[in-house]
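Given next are the chains, with one letter for each unit.
Number of protein chains: 2
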Amino acid sequence: MQAVKIETHSKIVFIGAGNLATHLSQAFLKAGYGISQVYSRTNSSAQQLARILNSRYTSRIEEVERDADIYVIALSDKAIVPIINELQLKSGILLHTAGSISMDVLKSYTPHYGVFYPLQTFSKERDVDFSQIPICVEASDSSLLDALLYMGRRMSEKVYEINSEQRKQLHLSAVFVCNFTNHMYSIGYELLKNKGLDFDLLRPLILETAFKVKEMEPMRAQTGPAIRFDKQIIKKQEAQLQYYPMFQKLYRFVSDSICRLHSARENEDK
Amino acid sequence: MQAVKIETHSKIVFIGAGNLATHLSQAFLKAGYGISQVYSRTNSSAQQLARILNSRYTSRIEEVERDADIYVIALSDKAIVPIINELQLKSGILLHTAGSISMDVLKSYTPHYGVFYPLQTFSKERDVDFSQIPICVEASDSSLLDALLYMGRRMSEKVYEINSEQRKQLHLSAVFVCNFTNHMYSIGYELLKNKGLDFDLLRPLILETAFKVKEMEPMRAQTGPAIRFDKQIIKKQEAQLQYYPMFQKLYRFVSDSICRLHSARENEDK
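Top line first, the protein sequences correspond to chains A and B. The working numbering numbers the first residue of the first sequence as 1 and each following residue consecutively. The working numbering numbers the first residue of the second sequence as 1 and each following residue consecutively.
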């Protein structure tokens, strides 16, 4: 089999124009790779991203360029398989960028396929420093793997070879540390709003909580009533949440989870 | 009643030598206030902090100086009332520093009493920039309130007058955004460890998640399967947690809470 090469003049098509596609395609551009075409079901989204990338665009699947070297599928997880079936590609390198989708969904289309998964939370309104974003790559063959590692390193200092099973676990962990964490922020926000207090009061605490685990193991950084097994405060705070039954149940449940996880760890250490 | 004054030469006694006492007493020092004495039940802790502060110390309650102008009780919540009863102070300003304890527990001892609550998570091994920490003050009378606001502003740019009920809510919110968030980090750590993956993979995501809400409302920053109502992934990730029954229950529960909070908000907006 011929060695796979990805070069800055390779012809690249982006499938998708959402948050991830917007940030990732610009990282490609910054790393020296040109984008030939953007496809999105929504014509205005395709057009908007194409303008940034100085590329062509389309919202018609049959107009996707057939002679590209690389197709980057940057869509939400559930949209990936349907679009690949619609595309019916025969050549080129087929890449997806999703955490929880196995690489295997790409096989039986093109000879080379892989995953290029940047582990970050993207919003259109926020710029991110791609050089610090972990990029997790997986490939159908060692030749493509080398090519993806090389391409990744042009965008980020942190490129890892991660298989599908590990990536799935990584994505699940990301749901906890990002999505669930953000929900904790939302609850804090709601509780303060209810007493006429400004969310600014919590912002330094939120940042410090994140900074702490830059160096420490999170278990060692744990503070609060649950880790001190301070039943008196836990009871009082539970009662305080009587008008928020959902938050109250969550309070009880997470406190319990903190106690159990730390007891389990202590028993292991013995 | 005479106006209350707190001056840099006021005689200040710190009751407690834990994380909070260690950071707060040094913030006093940095702001120009000398600490006369440190009390801790644990002699070595008292000695260690006294060395930093260049103060006297004791581990015997009867040796606590009786003629101080200010007593700062920097102990865990449940230790506050017992120690005040042991101290039996008659004069001086009595302050506590706890989120979930009402100011009223201090009344009937000294004529002036109040709360000086810095909202942050403290660990002995980490320096914090006190100038960015919100300090919440409450006082028995307007004269002490002014004095506490003035003193607070020598330490931090963010000093707020917060009553006991608000402070309780603030502390509860802090449990969600700090303690519970850190537990989410711990779960991420455990899940990665199990697949031989390094927690470093998650650190940029953790920081970005916190940075995002520096400007945005957390509800607007929410991403992930639950907010997209992506039942397919939610089911898969739940199944993935089959060997972690506690995390699985938590996954289901927090995902459900995200859906409900956002549905409630959307209905409000209609």
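To be clear, the hints were calculated from the coordinates, so they are not data collected in a lab. Small disclaimer: the values here were computed from a predicted structure and weren't measured. Fair warning: there could be bad hints in the mix.
Which copy is meant is left open, because identical chains are indistinguishable; a pair holds if it fits in one copy or across any two.
List of simulated lysine-lysine pairs, BS3-like, C-alpha gap at most 27 Å [what the hints assert, rightly or not]:
1) K107 <-> K193
2) K235 <-> K249
3) K195 <-> K30
4) K11 <-> K193
5) K168 <-> K235
6) K249 <-> K231
7) K249 <-> K30
8) K90 <-> K78
Hint by hint, here is what the structure shows:
1. Proximity of K107 and K193 under a CA criterion of 27 Å is satisfied in neither setting, with 50 Å inside one chain copy and 29 Å between copies.
2. For the homomeric pair K235 and K249, the shortest alpha-carbon distances inside one copy (12 Å) and between copies (21 Å) are both at most 27 Å.
3. For a Cα distance limit of 27 Å, the shortest separation of K195 from K30 qualifies neither inside one copy, at 46 Å, nor across copies, at 33 Å.
4. In this homomeric assembly, K11 and K193 never come within 27 Å of each other (Cα to Cα): the closest approach is 51 Å inside a single copy and 39 Å across copies.
5. Taking the shortest Cα distances, K168 and K235 sit within 27 Å of each other only across copies (13 Å), while inside one copy they are farther apart (37 Å).
6. Taking the shortest Cα distances, K249 and K231 sit within 27 Å of each other both inside one copy (16 Å) and across copies (22 Å).
7. Taking the shortest Cα distances, K249 and K30 never come within 27 Å of each other, neither inside one copy (47 Å) nor across copies (42 Å).
8. When the C-alpha separation of K90 and K78 is checked against a cutoff of 27 Å, the pair qualifies only within one copy, where the shortest distance is 22 Å, while the shortest distance between copies is 69 Å.
Consistency note: the structure conflicts with the earlier hints numbered 1, 3, 4, 7.
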